[in-house]
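Engineer: Each chain, letter by letter, is given below.
Protein chains: 2
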Amino acid sequence: MSSYWSELTASLVPYVPGEQPKDQRYIKLNTNENPYPPSPKAIKAIQEAANADLRLYPDPTCEDLRVVLADYYGLSKEHIFVGNGSDEILAFAFPAFFSASKPILFPDITYTFYPVYAKLYGLPYETIATDDSFNIDPAMYRIPNGGIVIPNPNAPTARYMLTDYLREILDANREQVVIVDEAYIDFGGESVVPFVKDYPNLLVVQTLSKSRSLAGLRVGMALGHPDLIEGLNRIKNSFNSYTLDRLALAGAVASIEDRVYFEETNRKVIATRERSCEAVRQIGFEVIESKANFLFMTHPSQSAKEIFATLKDRGILVRYFDKPRIERYLRVSIGTDDEMDAFVAALREIAS
Amino acid sequence: MSSYWSELTASLVPYVPGEQPKDQRYIKLNTNENPYPPSPKAIKAIQEAANADLRLYPDPTCEDLRVVLADYYGLSKEHIFVGNGSDEILAFAFPAFFSASKPILFPDITYTFYPVYAKLYGLPYETIATDDSFNIDPAMYRIPNGGIVIPNPNAPTARYMLTDYLREILDANREQVVIVDEAYIDFGGESVVPFVKDYPNLLVVQTLSKSRSLAGLRVGMALGHPDLIEGLNRIKNSFNSYTLDRLALAGAVASIEDRVYFEETNRKVIATRERSCEAVRQIGFEVIESKANFLFMTHPSQSAKEIFATLKDRGILVRYFDKPRIERYLRVSIGTDDEMDAFVAALREIAS
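Order-wise, the sequence lines are chains W and Z.
Numbering-wise, the first sequence is residues 0 to 351 according to numbering that gives the first Met the number 0.
Numbering-wise, the second sequence is residues 0 to 351 according to numbering that gives the first Met the number 0.
Think of the hints as simulated: they come from the structure by calculation, not from any bench.
One should not assume that every hint holds.
Any copy will do: because identical chains look the same in the list, a pair fits if it lies in one copy or spans two.
To be verified - Under the rule of at most 20 angstroms between Cα atoms (straight-line distance), these lysine to aspartate or glutamate pairs were calculated in the DMTMM-like manner:
1) 21 - 58
2) 118 - 6
3) 101 - 6
4) 76 - 22
5) 21 - 77
6) 43 - 131
7) 196 - 77
8) 21 - 62
9) 76 - 256
10) 21 - 52
11) 196 - 163
12) 76 - 63
13) 267 - 52
14) 21 - 63
15) 304 - 125
16) 118 - 285
17) 118 - 229
18) 40 - 256
19) 101 - 189
20) 322 - 229
21) 304 - 18
22) 304 - 62
Turn these sequences into a full structure, and let the hints steer you where they fit.
Structural biologist: Listed below in structure tokens is the structure:
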């Protein structure tokens, strides 16, 4: 606390990212990173972009990347916004589309950055209860609101929602912007990107951090009606004209273009997820069916907090949230088959 | 305009960055980029960091870079914040330290992003008139205010202020944060970084975009009392935990460590600036004495707007601001000797 801070600064409760330990080499299953490296073509493109042109500003409109994404999604570049990770895009979207007059709605159990953004901009919000199995009920999103954020699949629950339910939410809220946060959509879910042309109130947010193994490059994208994209650009250009550096732009283009590598990596992550899910269920854990690159799991009699601590002692890092409703759960990112075998073996010893 | 925009979005007048033309190869003297490439060590470090670890998030605390910067400036890492360019740091600093209750003060002629930040966060501001030669008078910064932003050297005027004057402003405003924006300080000015230990209200902002030839990498830094740094971190961690990617972190560390290259490049830019300044004065331009990597110049009888357009037709891009008080001026970034010779030759033809 400092007398130089604004009231806002003093009032904030910032987001806490997952541990990035430096002290030892963990089996790192705590921040939903992809266990496989990015496309070799992306790495090569970055190495080539590391040249004398770094003295020049990057393209502030990120046009090349937007053109490649437009082609990939079957949209036009006017439908596409890119940012420094999907977190930055969400940080622009909240003030771009939401106001102090009506609350933003999002699920009670979800990405914990949503309420942080709301507080940063002084925007009211209401959380909508998920059911006992963490399902989102579209009918509950019919109350008056100033905008909606729905992650699909949800995090940390991994709960996936059929796109028909999202259509129901979009239909019931045509006057407000509905953000569908699809950070984890590539691991088996169906995207609502095809809805973009029908719903001018839909903004879909995705990222290269998970399914494209580029958490370290900081690139996310938003897809929506050109009016929404222009709204995002107005905020961005009041904040920082050049949010993506030349290396991120080059790497992202090459990554999106390498569809074969992308599909192969996702297939491997999904196969390992299904294997791991089956294995931890056999140990006695309840696991929510996942369409993401992580599992959300609980044991009927054992403490999640203690399992988390014991795993950490054994060099396996998973994520534990000491929060109401989910304090009995662990979130475990999908690693390689070897990493998951080590995790399952440790869990078997700890939990039996 | 869209019904989905917030009132804020509709009210914004975003910043307009200098042209990044794609249509042809210009002699590009319009965005104050450095004509020399970044340190070869920075390029090598980036190429080496383009590896499988890009699948992992970067260090959200940017510790390695902060340690290197602390060593460079003779401070501790707790005095240092890094961000996605100095623009992002300023975008965090405005809400971190300024409030709606009292106006922010900055010069009337200055970086046009300052009022944009203020509007983004709904913060009132007052501009303080510079004199006819664009000098900043410290005595005018004694009126009630909620914080001050002073660029030194100023942009686009290039006008440099002795640090004693900045001390006067700091002394007169001990209750508020004074941001000194030193984006151009390395081209011959004296930094106020040594004041950081004496003034808990001082935040110095610098960048790797200009003197380190890394505009394309997006790295800036702020130096100040640990309480101010913590304030910046509270805003940042309510916005985006990972603003610097792994490549930017690696490149920035190597760049800061290569002092020899840095000093050599700056010497060259300064020598070219002095030569160019003399040459354009001989043509009949009035040029403000510059401690930056650009010249701010006016001709007693010729239209700056027309010269700008004619230069552009000839493939030479400079910056023209069609704004009161400076509509007779051109801002010209310092290029290589060859580029400046071409610029001076063209100017001689146009303006005589």
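Engineer: Should residue 304 paired with residue 125 be assigned to within, between, both, or neither, using CA atoms and 20 angstroms as the limit?
Structural biologist: neither (28 angstroms within a copy, 53 angstroms between copies)
Engineer: At most 20 angstroms between CA atoms: does that hold for residue 322 and residue 229 within a copy, between copies, both, or neither?
Structural biologist: Cα proximity of residue 322 and residue 229: none, with 37 angstroms in one copy and 25 angstroms across.
Engineer: Check residue 21 against residue 62 for me: Cα-Cα at most 20 angstroms, and say if that holds within a copy, between copies, both or neither.
Structural biologist: Answer is between; shortest inter-copy Cα gap is 11 angstroms, intra-copy 37 angstroms.
Engineer: Treating 20 angstroms as the Cα threshold, decide for residue 76 and residue 63: within, between, both or neither.
Structural biologist: within (9 angstroms within a copy, 37 angstroms between copies)
Engineer: Please sort residue 101 with residue 189 into within, between, both or neither, judging by C-alpha distance up to 20 angstroms.
Structural biologist: Intra 30 angstroms, inter 50 angstroms, cutoff 20 angstroms: neither.
Engineer: Reference check for the pair residue 118 and residue 6, CA-CA at most 20 angstroms: within, between, both, or neither?
Structural biologist: The answer is both: 12 angstroms in one copy and 18 angstroms across copies each meet 20 angstroms.
Engineer: Using 20 angstroms as the alpha-carbon threshold, which applies to residue 40 and residue 256: within, between, both, or neither?
Structural biologist: So residue 40 and residue 256 pass the 20 angstroms test inside one copy only (9 angstroms; across, 30 angstroms).
Engineer: Within a copy, between copies, both or neither: which one fits residue 196 and residue 163 at a CA-CA cutoff of 20 angstroms?
Structural biologist: The answer is within: 16 angstroms in one copy meets 20 angstroms, while 60 angstroms across copies does not.
Engineer: With identical chains, the pair residue 267 and residue 52 could be close in the same copy or across copies; at 20 angstroms between alpha carbons, which is it: within, between, both, or neither?
Structural biologist: between (37 angstroms within a copy, 18 angstroms between copies)
Engineer: Tell me, please, which holds for residue 43 and residue 131 at an alpha-carbon limit of 20 angstroms: within, between, both or neither?
Structural biologist: neither (47 angstroms within a copy, 53 angstroms between copies)
Engineer: As a check of your reading, is residue 304 near residue 18 (CA-CA no more than 20 angstroms) within one copy, between copies, both or neither?
Structural biologist: For residue 304 and residue 18, the Cα distance is within 20 angstroms only inside one copy (15 angstroms; across copies 54 angstroms).
Engineer: Could you place residue 118 and residue 229 in one of the four classes (within, between, both, neither) given a Cα distance threshold of 20 angstroms?
Structural biologist: between (24 angstroms within a copy, 18 angstroms between copies)
Against the hints set out earlier in the document, violations occur for numbers 6, 15, 16, 19, 20 and 22.
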